[in-house]
Every structure is written in structure tokens, then in C-alpha cells.
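Take these sequences, add in the hints, and give me the full structure.
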Amino acid sequence: MRILLVEDNVTLAKGMITSLKRLGYQIEHCTQGKHALQALSCSEFSLLILDLGLPDGFAISVIKTLRKAGNTIPVLVLTAQDALETKLDAFNSGADDYVVKPVDVLELEARVRVLSRRNTLRRDDVLAVAEVCLDAANMQCSYQGQAVSLTRREFMLLKDFMLHPDRILSRRYLDELCHGWDGETESNALEVHIHSLRKKLHPQLIKTIRGLGYMLNSHYAD
Amino acid sequence: MQINSIKVWLLIVINLIVICSLSFTALVSYKDAMHELDEIYDAQLARNARLVATMLTAMPVQPDANPLVVSVPEFTDTGENLTSAQERRQGGHKYEQKIAFQVWQDNRLVMASENAGQFPEPMTEQGYHELLEQGVHWISFSLPQGNGLWVFTAQREDVRQEMSEHIALAQIRPILVMMLPLSILIYLVVKLILRPLNRLQHSVAARQAEQLTEISLKQPAELQPIQQAINQLIQRVRHYIQQERRFVADAAHELRTPLSILQLHAQNLQKATSTEEQHEAISAIIDGSKRMTHLVNQLLTLSRLERIQDIHCSRAALVSVVEDALSQLPLPLLDKVSWQLDIASNIVISGDHILLQSALRNIFDNASKYAKNNSLISVVATVTEASNLTLTVQNQSAVLPEPQRMGNRFFRHQGHQHIDGSGLGLSITQRIIELHGGTIQFEVQQPDQVIVTLALPVALA
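Heads up: the protein sequence lines correspond to chains Z and U, in order. Note that full-length UniProt numbering gives residue 128 to position 128 of the first sequence, counting from 1, and the numbers run on in steps of one. Note that full-length UniProt numbering gives residue 191 to position 191 of the second sequence, counting from 1, and the numbers run on in steps of one.
Possibly wrong hints are sitting among the right ones.
[What the hints assert, rightly or not] Computed, partial: chain U to chain Z, Cβ under 7 angstroms:
1) 65
2) 245
3) 256
4) 261
5) 415
[What the hints assert, rightly or not] Straight-line alpha carbon distances no greater than 25 angstroms define the calculated BS3-like cross-link-like pairs of lysine-lysine that follow:
6) U/336 / U/369
7) Z/34 / U/369
8) U/271 / U/290
9) Z/87 / Z/68
10) U/290 / U/336
11) U/290 / U/369
12) Z/34 / U/372
13) U/336 / U/372
14) U/271 / Z/21
15) U/271 / Z/14
16) U/7 / U/191
17) U/369 / Z/14
18) Z/64 / Z/21
19) U/336 / U/7
20) Z/34 / Z/64
21) U/290 / Z/14
22) Z/34 / Z/68
23) Z/87 / Z/64
Just so you know, these hints were derived from the structure itself, not from any lab. Glycine included, C-beta positions come from ideal geometry on N, C-alpha and C.
Following this line, the structure appears as C-alpha cells:
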């Protein structure tokens, strides 16, 4: 899952990026509302974590702009302001969750999972496609009932494939998911991860769609 | 029902006034009627006596004959139910029983009405008398003629009593009958007149702290000033609530951000797998605790300043105080902008130097911190005729804050959140200037100028 974090305090943002990356998320960070809108318009994200007091204004307007443009990305507001008015304003503008700082990163991650579940209409954090099972809460993966150990990037990739089974994910999206904006997109790191996933699970699980990207084939056994 | 209420008092007072004035009118007319009645009855008694006396003087009775008795018809008393016309019988009237007369000649009764037997002795004194005979009150009149002839007429007092009761009832009845509709009418009128007050009361009571809107009811002239005053109060309360909310929001932001940094990076440190991650977390924790320390120090300074009432004053040249304040700025801030000082060397101020230095340092610190790179900051001092010093500090800032919020505790412009600061510096400065009997003013001027003006009393050299 790729998350856009909008937070003007760089020290705080760095800490959040470190923690959330450790928990299996790819985080992009920007400090201003207008940058966030640009990023959302040209890249794909699964969630937006938004601080309200931003250098270029109060960020409720960012949520409004997004919703007006028809963007349904889940928005989690993370702010130091706990006034009821602000909360209501945020929810009424289209925010999906509101968390007051300081927050334990484990709670934040749990809320991120909840929003992801809600967005994909699931009741729990266990993703299952055929014989592959992925527990997003505990970061565990099993194949035919046997636990499989995955690296952080493999886990991230597989999770996104399993969130969108039988859908083609573009190479660019997967590259950004693995390495972020400042990753080495020209390298064949992505192929290496996909190869490794095929080896650990099933060779037919992830199909290469030439010229487009990759797709998780839920009927690989047929 | 509340006793201390305009409505209740109005109702009580108006009803009392109406009852009193009606009763007074009734009493006066009752007295008048009774007086006229007494006059007529008394005159009749005297006239009857005189009539009998005149007739007997013309036709004297035999001295030894039996007394002449004038019969009085007996009618059963039918009470007061019949009309006057029905009471008038062919044979006379039942009230004839209540009128009596006697005629005496030389101490011998010569003529009397049938019902006059109860007066054994004639009243020899001429004039009116009140008698009590066999438990009945009579009003009598005695008329002596010169030749030993006495005429005595009497009327039972209860005739007049009955009359007075009738007249009194006739006065009281309309009051009783009128009072109920009158009080209902009074109640309705009072309610109608007090309706605007009622509406105002409901309108004020319905307002809550979260939704303070002004009252815009159409009011009579007397209530308009009250409504205006309430509206002004509402405006002020709304303003204070808004200020309070902003303060809480600002304070929450300033206090929680360093706490979030500390908590987050401490957790990261706990789970760090590489020395690089450890270093990053540690330096962030140090950074966050420095920020927290600064904040706590500023808060303590402010609270200390708030407790101080007077300061130790000494005199010093303004130039040296300004230069000392500038020398306390960190070098990068000093070098970021160019400073233009225009301060006459003969201006001497009186005050606590250390406090004044930190006040000026805060202003200079803010001026350069939020200024555009390589812009100009001017510090100009002028002394007005009233021996007031005006010190103006002017910079060129990338974003313009709201001047009315500058100096509010914890207020920091959103565009400045990435720059370190606690939002308390200008509050501290403001307090120090107040302690010195001065004022501080913030202004912004488009496109990019922020102007801070200090006014201080000056000690002339």
C-alpha cells in the first residue's frame, strides 16, 4: 500500500515514514497542500494522511478539492487540533478518520488498515486468493497452509497484488510502490522481487502482461 | 408563579387600583343616598306631626272621651320579593305598621295609631329622638303645642336600615359583576403589552454558546436599547469564545507537535535495526526535547513576568540596549538580512535593561526569522513632543500574518510552521512593554511589510 503523508514538520514526518515503512507501507511525503494535490493527480495512492495546519493554508480545503474532483481516496486527518468544530468540519468535508496527535504509530497503522478494509469492502485483514493467504495485520503469508517468509518489499508487492486480484498493475505503479519517488526505476529490481515471489509461492501466480505490467492470476492452478 | 415579576406586579397593582376606585365611588354615592333619604324621612316625620297638631288645634277633642285610635291594616309580611306595584294593596301598605303617632292633651293620650301602644310615656322634649322600645329602634319627633297638646310621630329605624342595605347592595353588585371581566381584560392587555419582552426572553434563552447569533426581533422603543445591549454582549462573548478556541487550538498544536516527535522517534529507536536508524531517531529526540525545553522556558518566563508588578528601573541609552539585543541573535539570523538602524544616540530610556533587551531580541529574532532572504530590516526611533519614544521595526516577510492575532499566545502563522518557534516570544515582549508602561502595535502593509511599533515613555537626558 502506498500512502501520501502531508505533514509540515519534517522531523515528525521522518519518524512516521520510518515507522510505517517498517510496518510494510510505502510512504511519500510532502509538506504543502498544493504539492499533495499535484502528487495525487499524477500518482496512485491508497491513502492520504493529512495534517491540517499546513504552510499554504488550512488543509480542510485540500479534502474539499479532492472530493469535488471525484477522488474517493480514503483521507485520514492527523492533527494536533482537537476542537469538535474542526473535527466536524473535517468529517463533513469528506475525511474518513480523524486522529489527534500525539498518536501511537501502532494505532495509526491499525486505523490505516481499517480504512483499507472499508475501501475494499472487507471485514478482516486476511487477504486470500486461491491457496495464498496474507495477514495484513501480522505481516504473515502462507501458501497451501505453510508459512512463507517474505522480505518487506515482497510483502508490499504481494499485498497490493492481492488487494487487486486479476487486475493489471502498471510497471510504473509497482516501481513506485517498491522504491518510492526517489527509487531507481531503470533497474530490474522489480523483476527480481517478482521472480522471488513466483519462486516462493507458485510460478503461475503473477503473470507478466507484456508492455503493460503484471497481474495476479487467481486461477493459476487451472 | 414568581412573585418578583413585572407581569404579576402589574396585574396586582392594576386590579387593586380598579377595586379601590370602584369601592370609593360606591361608598361616596352610598353616603349621599343615605343622607338624602334621612332628610326626606325626617322631614316627613316632622310634617306629619305638624299636620296632626294643626288639625287637632282646629277640632279639639273631648277631654274625658276615650282616646281615638287610628287603625293600622295588618298585612302578612311577604318579604322583598314583590314589586312596588304589587305591594300597593287596595287597603294600604304593610309598612304602615312601621309608622306610628300619638297625641297627648294635658298628659292624657287622646289619639294614637293602633301600633303606638308601645310608647307609654310621650317624649316631652321637642325635636328628634332615637328610642329603643321592646327591642325595636325608632326615630321619633315630638312637637309640643302651647296649649298642653303634644304630637309624637315615630318611624321604625329598620325601614331606613333596609333601605341602606338595598342601596349598599346596589353599589356593591356592579363592582362584583364587573370585577371578573375587568380582571380578565386587564390580564389580556398586560399579556399583550409584555409580549415583546417575552419574545426577547425566549430568544435570549434559546441561544447557546456554540451558536451565538444576534437577536433581530422587531421591538418597541423601550426594548430596543436592551436588545442592542444584548447584541453587543453577544458579539463580545462570541469574540472571546473564538479567541479562546484559537488559543486552545494554537496551544494544542505547539505542545503536541514536539510530544509527537518524541513519542514517535522513541518508538522507532526501540525497533531500530541499523545504527543509521538509531542515529536518526536519537537526533530527532534531541531536536524534539530542545523544542520542548524552549517552549517550557518561554512559558515559565511568561508566567514569571505575569507575576511581576514593578521593575527595577535604571537609565541607559536606547542605542546600547538595541545593540545588545542584536548581539544576542544567532549569527545566521543576523546575516540573513541587512539591518538599518536609525536611532539618535541621545535617547535615554528608563527601565529594566535585561527585560527590555529580551523584549527587543524577541522582536528582532522574529523580524529576521520570518523575513525574506537578504531583505532589509529597519529599526527607527523617534521621540514625540509628549516625551514618548516610538520604536518601529519593519521587515519584509514572505507571508503576512493577521496583525490582530500577533502577540496572542501560541499563535503562529500557518505559513511559518516549518520555522522553529513556540509562538510565545511576542507575548513575552508585549508583557515586558506593558510592565514599562508602554504599548505595542502590529501592522501589516501590502505587499510584504510587517511593522511592529513600540511606544515607551522616554527619560530625557
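Those earlier numbered hints the structure runs against, lowest number first: 1, 18 and 19
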